[in-house]
Amino acid sequence: MTAHAELGSTNSHALAAAGEGDPGNLWIVARRQVAGRGRRARAWVSEPGNLYTSLLLIDPGEGERVGQLPLVAALALAEAVDAMTGSYGLARLKWPNDLLVDGAKISGILLEATVLADGRRAVVCGFGLNLAHHPDLPGYAATDLAGLGFSVAPERAFRALAESAAKQLARWSGEPFAGTLADWRRRAVGIGAPIRVRLEDRELTGVFAGLDSEGRLVLDQGEGRHMTVSAGDVFFEPSAISGGAAGSAGQGM
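Counting from 1033, one number per residue, gives the positions in the sequence shown under the numbering used here.
Hints in this document: simulated from the structure, not taken from any laboratory.
Restraint ranges, calculated between C-beta atoms of paired labels, are given here: (1) Gly1242 - Ser1119: 24 to 34 Å; (2) Asp1244 - Thr1146: 21 to 31 Å; (3) Arg1064 - Glu1207: 36 to 46 Å; (4) Phe1182 - Gly1053: 37 to 47 Å; (5) Val1066 - Ile1223: 35 to 45 Å; (6) Gly1181 - Met1259: 38 to 48 Å.
Built from N, CA and C at the ideal position, the CB exists for glycine as well.
The whole structure should be built from the sequences, with the hints applied where relevant.
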């Protein structure tokens, strides 16, 4: 693990380390990011007090299995939140990797991958967890652990995440994915609820029918029509989910 007072982006720093030959399993932690980013290059507020960290993996899995990692990362972070707060099941999961508490987002996860010059595949899992404060973004409900009554220092949060990520990655590498999926589904919000799924070039509507065996979203479009979605921003109506989570578009590090 390398810790920094300030970085542009922990993800960018991890990718640079991969390009310089790092063998992987490297954690990068920053107290503050000045160029944090989310999905589709969205800006991400990264002031001190929260957790900002990225994990570099080299050749973590073959082929399409890498597409399962967003769910693995989300489950690892949710279990870390359990450990650091002592409150089992506090965070619920919105596909593919948002953590919500009472419908408000407490984290961002961004995975980025590249093929290196020597043919190795680098995958970076970036995590941002709202510990002490959260951004105010129009249209997106957000919260932080301090506001929920949990005082957690970034160092403690990192230790909990590093432990849970090691456990979940070892499980993902050595066991069938079905076990991870089952645990993810137990924390899921919105299954059976109407959703909108925003893709790069269009928006889909239907009912969130669940996940397929690879962790892709299954969208029921009525009249027996189903389709799977590998990546997209998911939106729920607040009234559609009782006791939990209206969705907001996914953002990350």
